[in-house]
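A.B. asks: Following the hints, complete the assembly by docking chains B, C and D onto the known chain A.
Number of protein chains: 4
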Amino acid sequence: MHVIVDLCVVPLGVGVSVGEHVAACQRVIEASGLEYRMHAYGTNIEGPWDDVMAVVKACHQRVHEMGAPRITTTLKVGTRTDREQHMDDKVASVERHLQSP
Amino acid sequence: MHVIVDLCVVPLGVGVSVGEHVAACQRVIEASGLEYRMHAYGTNIEGPWDDVMAVVKACHQRVHEMGAPRITTTLKVGTRTDREQHMDDKVASVERHLQSP
Amino acid sequence: MHVIVDLCVVPLGVGVSVGEHVAACQRVIEASGLEYRMHAYGTNIEGPWDDVMAVVKACHQRVHEMGAPRITTTLKVGTRTDREQHMDDKVASVERHLQSP
Amino acid sequence: MHVIVDLCVVPLGVGVSVGEHVAACQRVIEASGLEYRMHAYGTNIEGPWDDVMAVVKACHQRVHEMGAPRITTTLKVGTRTDREQHMDDKVASVERHLQSP
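Top to bottom, those sequences are chains A, B, C and D.
Numbered according to full-length UniProt numbering, the first sequence spans residues 1 to 101.
Numbered according to full-length UniProt numbering, the second sequence spans residues 1 to 101.
Numbered according to full-length UniProt numbering, the third sequence spans residues 1 to 101.
Numbered according to full-length UniProt numbering, the fourth sequence spans residues 1 to 101.
Extracted from the complex, chain A is given alone in its bound form:
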């Protein structure tokens, strides 16, 4: 089962700046070899369900190891069985509609 997720990991108890923790998650995601795109409020990742979810778990583990005592994550999870669809296809589909009258 192929999945596209939007991952937003929020560490609590580490102060107001969380850039360091988010960067650590980016390194975990990068190391996984999965396709991903960071945006201003999360990161889109795609791939086989188990691989993507292993990355989400590894992010929580990494951020706890860095000293964050608590984490709250918001995750959107999209699957479809009618056809294969990748992150760039979703953006392209909307842009196609935007260009038609």
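Honestly, the hints are just simulated from the structure, not real lab data.
On a predicted model such as this, the values are computed, not experimentally measured, just so you know.
Every residue, glycine too, gets a C-beta built ideally from N, C-alpha and C.
Do not rely on the hints blindly, as some may be mistaken.
To be verified - To spell it out: a stretch of chain C is covered by chain A in this simulated footprint if at least three of its residues, at any positions, have a beta carbon under 8 angstroms from a beta carbon of chain A; those stretches are:
| no. | segment |
| --- | --- |
| 1 | 15–29 |
| 2 | 64–76 |
Said to hold, decoys possible - Partial selection, computed: residues in chain B whose CB lies under 10 angstroms from chain C:
| no. | residue |
| --- | --- |
| 3 | I4 |
| 4 | H21 |
| 5 | E30 |
| 6 | Y41 |
| 7 | N44 |
| 8 | K76 |
| 9 | R80 |
| 10 | R96 |
| 11 | S100 |
C.D. replies: Leaving out everything else, chains B, C and D in the frame of chain A:
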């Protein structure tokens, strides 16, 4: 790693009523033996990370088997390492604060 | 436009315990007179769109006033035009499906 | 109160393809004059709270007008009072951390 999640599975391409699909997810959650509480916009589930995430995957699989070609899920995921906390503890903590002046 | 939301306000920069801030939001919601139900990972609120969204804004304002320098909120927002539906109807619909064979 | 949101509008009861409805939301957002960035699982928008929330409401109204009987939206909402921060600042902050050893 103990986790408390809030799971909201939304099937697309099955019409406007999704109660049947949500009920199927409830049966998957119930069968897992994990603690859970349904509310009007999702279901809280808690337990070991891998068990809870296996249930989320099983919900997607079940809803696809029922004929939904596409699913978008919103999942909140909470972990903490400073102390053990259960769903009822979170509600009780807020209620304690509400009762103090 | 009637709306049912699921609101989860997360203050950052105030330490690991956020029960006091969540309780303050509950007081803001209670004072609004809108229907609501708290659960372990947020609060369902329903009513006219503008009234519910005014409460969400008032929660951010209140939590900032309490000293939280940063807030990240996750909000699910449901509207429908085919029929009137309330929070308890959603739960009842799922329970009806659970009781049929 | 300045806000950065991540908006993901999901129409139900319109079939499996929602690109047309998402494109209509993009037009609503574009017409608002607010800063925004689309990604594969939503759109980041920033600006004054009331302006951004008016756009979210206008998206629901527009998608209902197009015939969708039901909508479920997931919205992340970030505010901070300690300093001004824009979408590009958040991405730049993470990238700075990624470049340091």
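A.B. asks: Now look at each hint and say whether the structure bears it out.
C.D. replies: For each hint, the structure was consulted:
| no. | hint | verdict |
| --- | --- | --- |
| 1 | 15–29 | holds (count 3) |
| 2 | 64–76 | holds (count 4) |
| 3 | I4 | 6 angstroms, holds |
| 4 | H21 | 9 angstroms, holds |
| 5 | E30 | 9 angstroms, holds |
| 6 | Y41 | 4 angstroms, holds |
| 7 | N44 | 5 angstroms, holds |
| 8 | K76 | 5 angstroms, holds |
| 9 | R80 | 7 angstroms, holds |
| 10 | R96 | 7 angstroms, holds |
| 11 | S100 | 9 angstroms, holds |
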